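Asks: Chains as they are written, first to last, in numbering that gives the first Met the number 0: chain A, 0 to 158; chain B, 0 to 305.
Worth flagging that the hints you see were computed from the coordinates, not collected in a lab.
Being a predicted model, the structure only gives us computed values, none of them experimental.
Treat the hints with caution; some may be incorrect.
Said to hold, decoys possible - The calculated label-pair distances, taken between Cβ atoms and stated as ranges, are: (1) M74/A <-> V287/B: 55 to 61 Å; (2) F243/B <-> V31/A: 35 to 41 Å; (3) G196/B <-> K40/A: 54 to 60 Å; (4) V31/A <-> P261/B: 28 to 34 Å; (5) P246/B <-> E73/A: 57 to 63 Å; (6) N112/B <-> P53/A: 40 to 46 Å; (7) P53/A <-> F91/B: 43 to 49 Å; (8) P53/A <-> Y131/B: 37 to 43 Å; (9) P53/A <-> K179/B: 22 to 28 Å; (10) P261/B <-> M74/A: 18 to 24 Å; (11) A33/A <-> T65/B: 53 to 59 Å.
To be verified - The calculated lysine-lysine pairs, modelled on BS3-like cross-linking and capped at a C-alpha distance of 27 Å, are: (12) K79/A <-> K40/A; (13) K176/B <-> K40/A; (14) K40/A <-> K191/B; (15) K176/B <-> K37/A; (16) K191/B <-> K37/A; (17) K79/A <-> K41/A; (18) K179/B <-> K80/A; (19) K41/A <-> K191/B.
All C-beta atoms, glycine included, are put in the ideal place defined by N, C-alpha and C.
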Amino acid sequence: MNRVLSSCFVSVLLIAIAFAQTAEAPRTANPVYAPLTKAPKKAVARRNPLQDDPDAVVGGAKLFALHCSECHGEMAEGGKKAPSLLADEVQQSTPGTLFWLLSNGVVRRGMPVWSKLPEPQRWQLVSYIKSLNPKPDAGSEKHPEETNSGSPPPANQTP
Amino acid sequence: MFSILQRKFSGDRRTSRGRLVLIVLTMLAGAVIPARAQESPYIVTYDHYLEEPGSLEVECFSTFGTQRAANDFHAFWSEFEYGVTAFWTTEFYLDSQTTFNESTVFTGFRWENRVRLLQNEHFINPVLYLEYEQTSGADKILKEVEGHDVESDYAVPNAIASQEHDHEMELKLLLSKNFKSWNIAENTLAAKNLTGGNPWEFGYAIGASRPLGLKASAQRCSFCAENFVAGVEMYGGLGTTSRFGLPNTSHYLAPVAAWNLPSDWTIRISPGFGLNDNSHRFLLRLGVSREFSGFGNALSRLFGGR
């Protein structure tokens, strides 16, 4: 009897956890970019210390060709193994969000952890990725708190 | 194409098979993209970074060791490290050694697996390491120091030591963290010789390293500071289950350096110094490696995959 009760309790608990996770998980238009929404607020708000460094983009381009282009494509257009970095979901994310994602990877989906690159190199990569923005008015490197609207960064929005 | 090649080399079956393997390997080498990775300079210590998925790293290492009561030796080993997934890396080793004034012998193989336990980066990042090794008593690569391993164990002549065959299982907990551009890594190991009723043996390895340059330069360059990583590692034995502790153990301190060349090669060097009378006085380790990203895809395409 006890065993039956325990099994029922465990099953109910598992179902509850599953529902809770479904309810809590922020949704994005394209699930491939869902990991961007998982960045903690503190990480999202981080500024790019190399934002005003003109060499950051050039150095970032070199790093991108070495470490990222094999999966994300030479022009960051995406490939079989990894999504496009030209997509709005990426380009409208804050530099802090991209830095957080680079540092933590998406290990479950095959993106390695890139914290082995020193922090300045990761920021250089962020500068380069943001420089690829096909729409000049979207996803500027401006800090979210500095924007007039004061709206939260797009990466944390739930559509 | 293979049938034509096979017919062409049909004289000696063994030779033709060997040539076919060579051709396949050449084709694979041509199909994959060499990638310069930011390689760690450690030779004994492991940090928490795994091989990128689908990448193969081919490494050749050597250890030159001095011995007080026997001939000096030069052990060398090859490593084939493959990233199965972003959280699992598997590696195969082939070991051998030359003891001066004695002989050169193949000493066995090792198969190791490293599994990342946590998805994200944390204050400390744990990786579980599991290795099976089948080596002879003449193995001298000193890839790890465990239990009561001491210099005199390596003084046994090759002809005798080669008769001993060990099957060993090794477990390690690799802990590593990055702090202000420094990497700090700590490994704890427990090894069990599966032949006979030997006790568990314990050991440790700790290391710290930092790239000399933190920002990437705009130009492609060989001597840029960002291409060099330097640090230090220390490793040694911690006794066995029956006699745990530092008595009759050996310990080493070794500065380490790696040079990541833009031509896709990494060169490592590490002079090691014995810290007590049980240790070899001096160990010089050298390593050359090259990483091939996309190896998994190339292999898959070669056999009809997409």
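Asks: Please go over all the hints and tell whether each is borne out by the structure.
Replies: Against the structure, the hints come out as follows:
Evaluation of the 55 to 61 Å hint for M74/A and V287/B yields a failure: the beta carbon distance comes to about 33 Å. Checked against the hint of 35 to 41 Å, the pair F243/B and V31/A fails, with Cβ atoms roughly 50 Å apart. A beta carbon spacing of about 56 Å between G196/B and K40/A agrees with the range 54 to 60 Å that was offered as a hint. Distance hint check: the CB atoms of V31/A and P261/B are about 32 Å apart, consistent with the given range 28 to 34 Å.
Between P246/B and E73/A, the C-beta spacing of about 59 Å keeps the proposed range 57 to 63 Å intact. For the hinted restraint 40 to 46 Å between N112/B and P53/A, the CB-CB distance of approximately 45 Å keeps it satisfied. Between P53/A and F91/B the CB atoms are about 46 Å apart, so this pair conforms to the stated range of 43 to 49 Å. Distance hint check: the CB atoms of P53/A and Y131/B are about 52 Å apart, inconsistent with the given range 37 to 43 Å.
Remark: the range hint 22 to 28 Å for P53/A to K179/B is upheld by a beta-carbon distance near 25 Å. Judged by the Cβ atoms, the range 18 to 24 Å given for P261/B and M74/A holds: they are separated by roughly 21 Å. In this structure, A33/A and T65/B meet the distance hint of 53 to 59 Å, their C-beta atoms being roughly 56 Å apart. As the CA atoms of K79/A and K40/A are separated by approximately 31 Å, the hinted pair breaks the 27 Å bound.
Our distance criterion of 27 Å between C-alpha atoms is met by K176/B and K40/A, whose separation comes to about 22 Å. At most 27 Å may separate the alpha-carbon atoms for a hinted pair to count; K40/A and K191/B exceed this at roughly 46 Å. As the CA atoms of K176/B and K37/A are separated by approximately 22 Å, the hinted pair is consistent with the 27 Å bound. In summary, the hint linking K191/B to K37/A is not supported, as the alpha carbons are separated by about 42 Å, beyond the 27 Å threshold.
Taking the CA atoms of K79/A and K41/A, the gap is near 32 Å; set against the 27 Å cutoff, the hint is violated. With a CA separation close to 31 Å, the supplied pair K179/B and K80/A exceeds the 27 Å bound. Pair hint K41/A plus K191/B does not hold up; C-alpha atoms about 45 Å apart against a cutoff of 27 Å.
Hints 1, 2, 8, 12, 14, 16, 17, 18, 19, counting from the list given before, are not met by this structure.
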